[in-house]
Every structure is written in C-alpha cells, then in structure tokens.
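Taken in sequence, the protein lines are chains U and R. First residue of the first sequence: 6, per the working numbering; consecutive thereafter. First residue of the second sequence: 51, per the working numbering; consecutive thereafter.
Wrong hints could be hidden among the right ones.
Listed next, the stretches of chain R that the computed footprint assigns to chain U, with coverage defined by at least 3 CB atoms under 8 angstroms from CB atoms of chain U [said to hold, decoys possible]:
| # | segment |
| --- | --- |
| 1 | 82-89 |
| 2 | 126-138 |
| 3 | 273-286 |
Pairwise CB distance ranges, derived in the manner of DEER restraints [to be verified]:
| # | chain 1 | residue 1 | chain 2 | residue 2 | range |
| --- | --- | --- | --- | --- | --- |
| 4 | U | T27 | R | V120 | 35 to 45 angstroms |
| 5 | R | F203 | U | I14 | 35 to 45 angstroms |
| 6 | R | I219 | U | G32 | 13 to 23 angstroms |
| 7 | R | V245 | U | G38 | 40 to 50 angstroms |
| 8 | U | M59 | R | S223 | 46 to 56 angstroms |
By construction, these hints were calculated from the structure, which means they are not laboratory data. Because the structure is a prediction, the values reported are computed rather than measured. The C-beta atom is built at its ideal place from N, Cα and C for all residues, glycine as well.
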Amino acid sequence: MELEAAQQISLMGKYIGAGLATTGLGGAGIGVGIIFGNFLAGALRNPSAAPGQMANLFVGIAFAEAMGIFSFLIALLLMFAV
Amino acid sequence: MAGEAEGSSGFAIHPMDQFVVTPLFGGDHIAWYSVTNVTLWMALGVACVALLLIYGTRRRAIVPSRTQSVAELLYGFIHNLVEEVTGHEGAKFFPYVMTLFLFILISNLLGLLPMSFATTSHMAVTVVLALLVFGTVTVLGFINKGIGFLSMFWVTSAPLGVRPALAVIELISYFVRPVSHSIRLAGNVMAGHAVIKVIAGFASLAVVSPIVIGSITAVYALELLVAVVQAYVFTILTCVYLRDAVGSSHH
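Can you build the whole structure from these sequences, using the hints too?
Quick look at the structure:
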C-alpha cells in the first residue's frame, strides 16, 4: 500500500514536471514573435531590403526556437524516458 | 514511445500511435535488418526525389515542362541559398545540402498523406542527419583551418575579461548544435501530427464534428507550411554551420 502510494506520487511528479516544462515554449513564442515583429517593422520601412534578409530571419527564428525545443525535450524525457 | 501509454489514457485513438514502428513482414521483433514502415516510407521518399529529378530533366527542354520547372526552381533556390550563406567557397557543398533539403522536404510532405508514416518525426532519423552535418563541419573545419578552427570559440570582439566565460558558452553551444538541429525537425513534425490526431479525437462528438473537421483542415494547412519551413530551416542551418568550417572571408 505504502509502495503504491509512493509510485502514484512519483507519477504525479512526473506529469507535473512535464507540464511545467512546456511553459518554456512560451518563451520561445515570445522570442520568435519579437524577431518576426522586428523583421516586419524593418521590412515595411524598407521593403526592397526585405527579401535579402529572409535567410537571417529564419536563422534567428531557429535559434530562438531552440530554447523552446529544449524544454519540449525535457517534457518528452519526463513523459517517456524517466 | 507510444506503447506504454496505451490503455491508461482516455483517447479512443491514441495520438502517438501513428509513430509506432512496425515490421512490414510479420513478427514484432525489430532487428537492425528488419524492413519496417520507416524503411518503406524512407525508400518512397528517396524514390520520389529521384523521380522528380530524373523524370523532370529527361528532356532538358528549352521551354520546361511543369515537372522540369519544379526541379529547376528547387535547384536554383538551394544553389542561391548555399552561395549566399556559405559564400563562394562553400558552393562545393551544394550536392550535399540539396540532398538533405529534398529528402527532408519530401519526407515531411509524404508524412502528411493520410495513413502514411512521417519518417522525420523520429529522432533516430533526424539525429543521424544532424550528426552527419556536425561531423562534417568538425572534421572539415580542422582540415581547412587546422588548429585555427578553435579560434571560433575565442571571441576576439569581446573584452578580454569575459572571453574565457564566452569560450565555455561557445563550446557548449557548439556541442548542443546537433541536439537542437535534430529535435527542431522531429519535434515540429511530431507535434503537428499529434495535434491533428488529438483534434480528430473530438470528431466522435457529433455536435462539434463540423467545427472539428474545419479546424483539422486549418491545422493541416498550417502543417503543410511547417513541413516546408522546417526543411528550409534545417537546410539553412546546415549552411550556417558549414560556413564555420569553410568560410573565413566573412569574419
């Protein structure tokens, strides 16, 4: 009985941890939003320069997204590996 | 990945069931030589790429057919990308980058077909692709620049005091590259497919099913965009990493 309760508590911790880890994705959302918003603001001021910066835009988004991906990875590890 | 969660959840169709690797020809034991659904869909992806390029360019017409236009557009697009990002020196990596891009793009798009299998949703697939890029960059960097390749960790534009700390951070971020490179692709594809399945689960309620079908259509359209953008992002990051190994003109 005691053991079962302990298992349930550890399961609860696992799920709460996985849920908490997903909040990191909010940070990635903010980062990507800032990058894209600034790109758009710049592109509207000087539309002729915008196509040349598309590659930089995607690299910036990819780097900002990487941090969110790590929290996603932790959520995945908690759910399926721990 | 999905097997252990079965039965305990409330889903009629578990959203992760679509990612289960099953052998095609009987049995449930998977050895390294087993032909599984991953093998099948990867082979189909490679066949599609080969078909597009071989069939598309078989006539080499001055006025291109539709298939030839697609092949030429993709070729020109990636060629420009490689030249623009890695510089003139890096243009010799064009075949590699083109192969990566087409394989990932076609695999993503094939994975979106109903009842198909998204090979790029599996980290085992994307990690191999990312590790190949990582290995190529590391080995080529040392071949091209010798010990000078390590100078990319020593940021000379920063004040002397913070350089050791920056070097540690740069070193960590260098080794984390294959992790983020691969999980970005796998995570995006897997999350998108799981979202579609979760929304589809609500379709069993007759009252909301029209809304559900509408939202699945919308998410599917978004997933088409994600499939193309993620292939592009993987390619462009490959180019950025390759620039470290070959390019010295930019710094």
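Right, here's what the structure says about each hint:
no., hint, verdict
1, 82-89, "violated (count 0)"
2, 126-138, "holds (count 3)"
3, 273-286, "holds (count 4)"
4, U:T27 / R:V120: 35 to 45 angstroms, "38 angstroms, holds"
5, R:F203 / U:I14: 35 to 45 angstroms, "44 angstroms, holds"
6, R:I219 / U:G32: 13 to 23 angstroms, "18 angstroms, holds"
7, R:V245 / U:G38: 40 to 50 angstroms, "20 angstroms, violated"
8, U:M59 / R:S223: 46 to 56 angstroms, "24 angstroms, violated"
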